[in-house]
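There are 4 protein chains.
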Amino acid sequence: VTKGRLEAFSDGVFAVAITLLALNLAIAGPGHGALVVQLGRHLPADAAYLISFFTIGVIWVNHHALFDQLPQVDRVILFLNLLLLLFVVAIPFATSTMAAYLESGPQSDAALAAAIYGWVMVGMSLGFSLVLRHALVSGFIPGATTARARWAAQARFGAGTLVYVAASVLAFVNPWIALVLYGVTALYYVLRQTPLRRAPS
Amino acid sequence: VTKGRLEAFSDGVFAVAITLLALNLAIAGPGHGALVVQLGRHLPADAAYLISFFTIGVIWVNHHALFDQLPQVDRVILFLNLLLLLFVVAIPFATSTMAAYLESGPQSDAALAAAIYGWVMVGMSLGFSLVLRHALVSGFIPGATTARARWAAQARFGAGTLVYVAASVLAFVNPWIALVLYGVTALYYVLRQTPLRRAPS
Amino acid sequence: VTKGRLEAFSDGVFAVAITLLALNLAIAGPGHGALVVQLGRHLPADAAYLISFFTIGVIWVNHHALFDQLPQVDRVILFLNLLLLLFVVAIPFATSTMAAYLESGPQSDAALAAAIYGWVMVGMSLGFSLVLRHALVSGFIPGATTARARWAAQARFGAGTLVYVAASVLAFVNPWIALVLYGVTALYYVLRQTPLRRAPS
Amino acid sequence: VTKGRLEAFSDGVFAVAITLLALNLAIAGPGHGALVVQLGRHLPADAAYLISFFTIGVIWVNHHALFDQLPQVDRVILFLNLLLLLFVVAIPFATSTMAAYLESGPQSDAALAAAIYGWVMVGMSLGFSLVLRHALVSGFIPGATTARARWAAQARFGAGTLVYVAASVLAFVNPWIALVLYGVTALYYVLRQTPLRRAPS
Numbered sequence: 001v002t003k004g005r006l007e008a009f010s011d012g013v014f015a016v017a018i019t020l021l022a023l024n025l026a027i028a029g030p031g032h033g034a035l036v037v038q039l040g041r042h043l044p045a046d047a048a049y050l051i052s053f054f055t056i057g058v059i060w061v062n063h064h065a066l067f068d069q070l071p072q073v074d075r076v077i078l079f080l081n082l083l084l085l086l087f088v089v090a091i092p093f094a095t096s097t098m099a100a101y102l103e104s105g106p107q108s109d110a111a112l113a114a115a116i117y118g119w120v121m122v123g124m125s126l127g128f129s130l131v132l133r134h135a136l137v138s139g140f141i142p143g144a145t146t147a148r149a150r151w152a153a154q155a156r157f158g159a160g161t162l163v164y165v166a167a168s169v170l171a172f173v174n175p176w177i178a179l180v181l182y183g184v185t186a187l188y189y190v191l192r193q194t195p196l197r198r199a200p201s
Numbered sequence: 001v002t003k004g005r006l007e008a009f010s011d012g013v014f015a016v017a018i019t020l021l022a023l024n025l026a027i028a029g030p031g032h033g034a035l036v037v038q039l040g041r042h043l044p045a046d047a048a049y050l051i052s053f054f055t056i057g058v059i060w061v062n063h064h065a066l067f068d069q070l071p072q073v074d075r076v077i078l079f080l081n082l083l084l085l086l087f088v089v090a091i092p093f094a095t096s097t098m099a100a101y102l103e104s105g106p107q108s109d110a111a112l113a114a115a116i117y118g119w120v121m122v123g124m125s126l127g128f129s130l131v132l133r134h135a136l137v138s139g140f141i142p143g144a145t146t147a148r149a150r151w152a153a154q155a156r157f158g159a160g161t162l163v164y165v166a167a168s169v170l171a172f173v174n175p176w177i178a179l180v181l182y183g184v185t186a187l188y189y190v191l192r193q194t195p196l197r198r199a200p201s
Numbered sequence: 001v002t003k004g005r006l007e008a009f010s011d012g013v014f015a016v017a018i019t020l021l022a023l024n025l026a027i028a029g030p031g032h033g034a035l036v037v038q039l040g041r042h043l044p045a046d047a048a049y050l051i052s053f054f055t056i057g058v059i060w061v062n063h064h065a066l067f068d069q070l071p072q073v074d075r076v077i078l079f080l081n082l083l084l085l086l087f088v089v090a091i092p093f094a095t096s097t098m099a100a101y102l103e104s105g106p107q108s109d110a111a112l113a114a115a116i117y118g119w120v121m122v123g124m125s126l127g128f129s130l131v132l133r134h135a136l137v138s139g140f141i142p143g144a145t146t147a148r149a150r151w152a153a154q155a156r157f158g159a160g161t162l163v164y165v166a167a168s169v170l171a172f173v174n175p176w177i178a179l180v181l182y183g184v185t186a187l188y189y190v191l192r193q194t195p196l197r198r199a200p201s
Numbered sequence: 001v002t003k004g005r006l007e008a009f010s011d012g013v014f015a016v017a018i019t020l021l022a023l024n025l026a027i028a029g030p031g032h033g034a035l036v037v038q039l040g041r042h043l044p045a046d047a048a049y050l051i052s053f054f055t056i057g058v059i060w061v062n063h064h065a066l067f068d069q070l071p072q073v074d075r076v077i078l079f080l081n082l083l084l085l086l087f088v089v090a091i092p093f094a095t096s097t098m099a100a101y102l103e104s105g106p107q108s109d110a111a112l113a114a115a116i117y118g119w120v121m122v123g124m125s126l127g128f129s130l131v132l133r134h135a136l137v138s139g140f141i142p143g144a145t146t147a148r149a150r151w152a153a154q155a156r157f158g159a160g161t162l163v164y165v166a167a168s169v170l171a172f173v174n175p176w177i178a179l180v181l182y183g184v185t186a187l188y189y190v191l192r193q194t195p196l197r198r199a200p201s
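For the record, the sequence lines run as chains A, B, C and D.
Residue numbering for the first sequence follows our numbering, starting at 1 and increasing by one per position.
Residue numbering for the second sequence follows our numbering, starting at 1 and increasing by one per position.
Residue numbering for the third sequence follows our numbering, starting at 1 and increasing by one per position.
Residue numbering for the fourth sequence follows our numbering, starting at 1 and increasing by one per position.
What the hints contain is simulated information worked out from the structure, not anything from laboratory work.
Hints should not be assumed to be uniformly reliable.
[What the hints assert, rightly or not] Rough simulated footprint, nothing fancy, chain C against chain D, three-plus residues with beta-carbon under 8 Å:
no., region
1, 14-26
2, 54-64
3, 75-89
Even for Gly, the Cβ is constructed at its ideal location relative to N, Cα and C.
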């Protein structure tokens, strides 16, 4: 039951966060110029929406794949999971801020906004890594008992964290580079990512 | 468990999206003219709300009927389901934009807004079709093993997609035609639609 | 599984609707007069929030008590349940509109807004009655097979509908009478209401 | 099933409330001064977000730990749980009001806003205590049959309530003292709090 409620609560948070993202699609509406012009100006926000949607989607898929393998959870994991969700819940904010400044902010503010997006992603990745690490060292994952298997699982996940660190630095060179890196990362994980090898369930 | 969480997450997204729709009912409030006048002007938004509510409702019922038949899911379905949800989550945006421009936008913008609504529906239909198709070709649906049964299931669903394509074209003739078509489609599916024949569970 | 997803989806809608209600608590904030004055002016909205919170709570408890007794559901119930949720989802709108006009609208508009609240409640009650009725006539409720037991179950529930009809008429005499009636009804159902007699589970 | 739906509904409310909190992170955006300045001015709101996030998180963990131990629930607990959720749902409002007045309100209004936050927490704590108390006196918790064990469980929880009462009084001395106390309380409960002693599940 414990695990079930952790999953139910997390699913709820993921679901609300991913749906709130869509508020980024909203435009000013009648009286603010031709609709097609408004939509054109709004393309960065749409791109940011797409990237964040699939990023949250990937986190959810990995969250689900990870907890699927845990026969049990403890109180520590409940709070590490909260830490992960703290950053998940901040993604709609990071997305709308980045989108707003890419659309109409000065370049230096757009850089900062794009970097903040990266920092939220780094926080989220670290939160996930802590959950994964605690599950591994507590021996909660039956199929990952050797030190090597544990290391592999963490390394595969940690790579994403490094990309987010790099992107949030490159944002200060050009925020659009960061946006592209965020998009490529999400796409990469959609196409192929398994935090721990397993048969399809 | 895998399937359970896919359903829980999807139910959460459907629930949030369908509840956010109701924000379309909001009016400007005191100081913006007599309430009855405000409500009268707001009727297109109310109609759009009703249509989108039952459209999301129908998708949810079909989603549920489809996954009810799947003994298992795989990673591909998780991501195809995300693609479907990407469009579900965009429905409140498409609804409010269409409503705003039907209420007070110039005719050409109302046409575009009504067409966008149709495109979101087309995307949603295609997302659903991809989930259905993958389930069928992977042999996940025990009762649909013949090529003919598979074809029938997809054809029945694909018909709706064509209506949405047609409506989003006709929107440029007159956006109200599109609105009526969206409403008729939702009503039709409410009254009778079963993606795959099955006994009541 | 069918019933489980109907309940999960409904719980999600109830949860989002009841949480959105709390947006009614929001005040204008710094720069709009002393906080204590703002809060004082906002008391009708707080009262409306309390009433709607417990009204949705009561619906949820009854929804749960009803479906708890159903060994199965059919497609008709899925759609009747959607009809019920259509009105549940409109409650935050009806609440904020009534609160706004009780706070600062002209008396005639406050009357209309309070009546609209009642109409939404009538719609919600009728939706619930239709679900209950379909469950009864389909023989889904094992303990309610006699015509008399069925009648009693419906009568007990229908009484609330009549109160809402009366309140939405009396709103045109004085909207505050309607508000009090809505509050008394919620309180009454909180203190004692069981749509069908049953042992505590 | 009864208990399952209480948990599902509560999880939904917790999930929506905790995600709505993140709306506090939003800033005014382009055209309202340099982003870094806006973010700096917004630090009280970020602190309030963090505190409320973990406060709701702690309530959720305790809610889950408590109901995990209940073999059954009754109608009274359903409504006491609603009372608890009434205050949970008010936390985003209390958070944003406190944050807004700490950021730019006069000192006296900031004091009131910080006190209101404390009152919501007191209400929430009392709601939780009532649920716990009813579960204890009804004998729903197998491992807590002695009067002493029951008293210990309630005392451990009641301590938090007293801190909230104290903080909402001290808010009138200086609202930042209250903010710090709210943060320390959340941190304390994150690091160590078990409403009833139990083996990890």
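Do the hints match the structure? See the list:
1. 14-26: Holds, because 4 residues of the region 14-26 of chain D bring their Cβ atoms closer than 8 Å to Cβ atoms of chain C.
2. 54-64: With 0 residues in contact (Cβ-Cβ under 8 Å with chain C), the coverage given for the region 54-64 of chain D is violated.
3. 75-89: It holds: at least three residues are needed, and the region 75-89 of chain D offers 7 whose Cβ sits within less than 8 Å of chain C.
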